[in-house]
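Chemist: Spelled out, the chains give:
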Amino acid sequence: MAERSGADILVQCLLDLGVDTVFGYPGGAVLPIYDTIYDHQKIKHILVRHEQAAAHAAEGYARSTGKPGVVLVTSGPGATNAITGITDALMDSIPMVVITGQVATHLIGTDAFQEADTVGLTRHCTKHNYLVKSPAELAGTVHEAFHIATSGRPGPVVIDIPKDVQVATAAYEKPTLNAHPSYRPQTEPDAEMIDKAIALILQSERPILYTGGGIINSGPAASEALRALADMLGAPVTSTLMGLGAFPASSPQWLGMLGMHGTYEANFAMNKADLILALGARFDDRVTGRLDAFAPLSKKVHVDIDRGSINKIIPIDVPVVADAGRAIEAIIAGLKARGYKKPDYSDWWSRIEEWRARKSLDYVEGGEEIMPQRAIAELYKATRDRDTIITTEVGQHQMWAAQHFHFDEPNKWLTSGGLGTMGYGFPAAIGAQLGNPDSLVIDVAGDASIQMNIQELGTVIQYSLPVKIFILNNEYMGMVRQWQELTYESRYSHSYSDSLPDFVKLAEAYGATGIRIETMDELIPGIRRMIDTPGPVVVDCRVAKLSNCFPMIPSGAAHTDMLLDPSQVSGTMDDEARALV
Amino acid sequence: MHIRQEDSERHVLSVTVTNEAGILARIAGLFSARGYNIESLTVADVSADHKVSRITIVTNGPPRVIDQIIAQLDRLVPVHKVTDLTEIGPFVERELALVKVAGTGEARIEALRLADVFRAKVVDTTLESFIFEITGPSSKVDTFVGLMRELGLVEVGRTGVVGMLRGTAA
Numbered sequence: 018m019a020e021r022s023g024a025d026i027l028v029q030c031l032l033d034l035g036v037d038t039v040f041g042y043p044g045g046a047v048l049p050i051y052d053t054i055y056d057h058q059k060i061k062h063i064l065v066r067h068e069q070a071a072a073h074a075a076e077g078y079a080r081s082t083g084k085p086g087v088v089l090v091t092s093g094p095g096a097t098n099a100i101t102g103i104t105d106a107l108m109d110s111i112p113m114v115v116i117t118g119q120v121a122t123h124l125i126g127t128d129a130f131q132e133a134d135t136v137g138l139t140r141h142c143t144k145h146n147y148l149v150k151s152p153a154e155l156a157g158t159v160h161e162a163f164h165i166a167t168s169g170r171p172g173p174v175v176i177d178i179p180k181d182v183q184v185a186t187a188a189y190e191k192p193t194l195n196a197h198p199s200y201r202p203q204t205e206p207d208a209e210m211i212d213k214a215i216a217l218i219l220q221s222e223r224p225i226l227y228t229g230g231g232i233i234n235s236g237p238a239a240s241e242a243l244r245a246l247a248d249m250l251g252a253p254v255t256s257t258l259m260g261l262g263a264f265p266a267s268s269p270q271w272l273g274m275l276g277m278h279g280t281y282e283a284n285f286a287m288n289k290a291d292l293i294l295a296l297g298a299r300f301d302d303r304v305t306g307r308l309d310a311f312a313p314l315s316k317k318v319h320v321d322i323d324r325g326s327i328n329k330i331i332p333i334d335v336p337v338v339a340d341a342g343r344a345i346e347a348i349i350a351g352l353k354a355r356g357y358k359k360p361d362y363s364d365w366w367s368r369i370e371e372w373r374a375r376k377s378l379d380y381v382e383g384g385e386e387i388m389p390q391r392a393i394a395e396l397y398k399a400t401r402d403r404d405t406i407i408t409t410e411v412g413q414h415q416m417w418a419a420q421h422f423h424f425d426e427p428n429k430w431l432t433s434g435g436l437g438t439m440g441y442g443f444p445a446a447i448g449a450q451l452g453n454p455d456s457l458v459i460d461v462a463g464d465a466s467i468q469m470n471i472q473e474l475g476t477v478i479q480y481s482l483p484v485k486i487f488i489l490n491n492e493y494m495g496m497v498r499q500w501q502e503l504t505y506e507s508r509y510s511h512s513y514s515d516s517l518p519d520f521v522k523l524a525e526a527y528g529a530t531g532i533r534i535e536t537m538d539e540l541i542p543g544i545r546r547m548i549d550t551p552g553p554v555v556v557d558c559r560v561a562k563l564s565n566c567f568p569m570i571p572s573g574a575a576h577t578d579m580l581l582d583p584s585q586v587s588g589t590m591d592d593e594a595r596a597l598v
Numbered sequence: 007m008h009i010r011q012e013d014s015e016r017h018v019l020s021v022t023v024t025n026e027a028g029i030l031a032r033i034a035g036l037f038s039a040r041g042y043n044i045e046s047l048t049v050a051d052v053s054a055d056h057k058v059s060r061i062t063i064v065t066n067g068p069p070r071v072i073d074q075i076i077a078q079l080d081r082l083v084p085v086h087k088v089t090d091l092t093e094i095g096p097f098v099e100r101e102l103a104l105v106k107v108a109g110t111g112e113a114r115i116e117a118l119r120l121a122d123v124f125r126a127k128v129v130d131t132t133l134e135s136f137i138f139e140i141t142g143p144s145s146k147v148d149t150f151v152g153l154m155r156e157l158g159l160v161e162v163g164r165t166g167v168v169g170m171l172r173g174t175a176a
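Sequence order for the protein chains is A and B. For reference, each letter of the first sequence is one residue, going 18 to 598 in the working numbering. For reference, each letter of the second sequence is one residue, going 7 to 176 in the working numbering.
Read the hints as simulated data drawn from the structure, not as lab findings. Treat the hints with care, since some could be wrong.
Pairs of lysine-lysine residues, derived as BS3-like cross-links and limited to a Cα-Cα distance of at most 25 Å, are as follows [claimed, not checked]:
1) A:Lys376 with A:Lys358
2) A:Lys329 with B:Lys87
3) A:Lys150 with B:Lys57
4) A:Lys358 with A:Lys289
5) A:Lys150 with A:Lys213
All of these numbers come straight from a predicted model, not from anything done at the bench.
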């Protein structure tokens, strides 16, 4: 058998695994791999401007296509720069394979140039990682890495390849997948637990479906199953930030997002429900608020593919370790087998309608200033008839987008939920645009967040990616400022965005189009122009500077202690609540 | 404000893992990253083909945390099986210690007498010292070491706990 170099084996594996796009940045320790991909037209390499962006772009690609994102970076700083994106993918369960170059095996441990202990550094921010010490191990490792990244609870996997392993040769045979004998994710639900869940459904008078990113990760069939189950039950549906789009926002059963900045009706329904069906959601602290006051009246069924998510935060009555889609299908089948008929939940719904009538997402307008909520609402109106993908950075704009942009389909909403990474949205939009060339991809950004990966304007120009950046510019790190107003008596310590660039000129400097929107009259035409302008566009939308994101459950408070408007803000908070953040 | 503490219980966990580079760091790092306690940790290759190691971990925490520890260990890719010996029980727990005691006269004789009571073996001796080898549950080792402190204890080396379920089941 002819021998092939490690670099050649790696690229062959990527081709065999159907990889069409790699986000990367070259450097000394990956030169052999870069030399090999130079010859391959089938793999499109996207040169980013910073390795963090490569990882976020891979996340955006993965989240919007369902396929794993692939990253290729060099040793040392290449790997360490990618770590934020890798951690982000771990927290949000994004399938990703990161290939890092490493110094030659005989130099490992000698503090060599651009050496970092990549497997050590990434051990706890990956689902699994490898240091490959021989080209003969490479093919099996790469295939196993993709299997682990994409199966079970998805996540990032790092493959660290020393430079001499890339150059050395070994016999190559296309491997058959021979995954770790100890790696056996449970995807099929236990029948007994499904029966118990159904028994609770049959007894329930006030059920609610609490859904999360697990439905999106499970694939489009899970979203279909969720819609079918909701239709069968006639129960209200709420979702975490990560799960938006799995259930259509246009449905009358939709209560909106729950949690810290969720709607009044979603949080009250969770609080008063007698049965919570948690489907692919993990009771994150942004969702639960004060734990001893969380959904005190309810039995809880928790479907999660990760046994570690169950009973981690909230005691569960019926644990179902399974793929969310498979579990929902099993519940539907079980209900049908019992001749289930939709019960009368009209009392429950009439209470929900009272909460809904509070119109918790309303905001006060007037005058020339653009309210940020209005900007998002107009963006939604102008794009709702198109195939639109929204990404966000992290902060107030992210919450306003989650509240005022409405999603009817999965994989159209890409945001950094678990890690809360400023700088995620723009590179994620790049990945989403590459995976969905015909979609309108918009990064809803803040003036502070966008500067964390603004250098990627170079990337969108290089690859002619028509990504739109819609900056809600209030000249503050708005969420930090909001918390300072609420809990630190408006002492705005270092939360003002001083010395902001002129975003229009900045866009133009890179060769993109810049648009400034300053008044209400300019809002709708400005959004229109953004959509109609080919190529990348940066919109600097000047919004009311001191707007706060409401409703809000203050840290350490119960769902029922929700703040609906600024008049309820005291400006102080006790130490217990401050410590929770 | 004060940080609240919950009541802890001690559990002995037996974990079988693929014997691969970095596995011990992965397990130990999981404990430190998630703030779990390790009282002792032992690891050794236990298979004929050197592919599987057995790790015994003694930990403590509230029941909720113990459950999380097991779940978090179990989701690591190279972990085959996690057995909570304390929960499943009954199980045998053993630890080996080497205990060096120096002294002369009555103290030396008393040390030897107590060693006999505890069925500790003398594995090294000079005219002024002994090294005792003692095996048993950690509590027995603790007691023996405690007594030796009064009788010229010089140093102690302990292996940490290994444990195994009683009866035929693995």
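Chemist: Look at each hint and say if it fits the structure.
Modeler: Against the structure, the hints:
no., hint, in the structure
1, A:Lys376 with A:Lys358, "violated, 32 Å"
2, A:Lys329 with B:Lys87, "holds, 20 Å"
3, A:Lys150 with B:Lys57, "holds, 18 Å"
4, A:Lys358 with A:Lys289, "holds, 23 Å"
5, A:Lys150 with A:Lys213, "violated, 49 Å"
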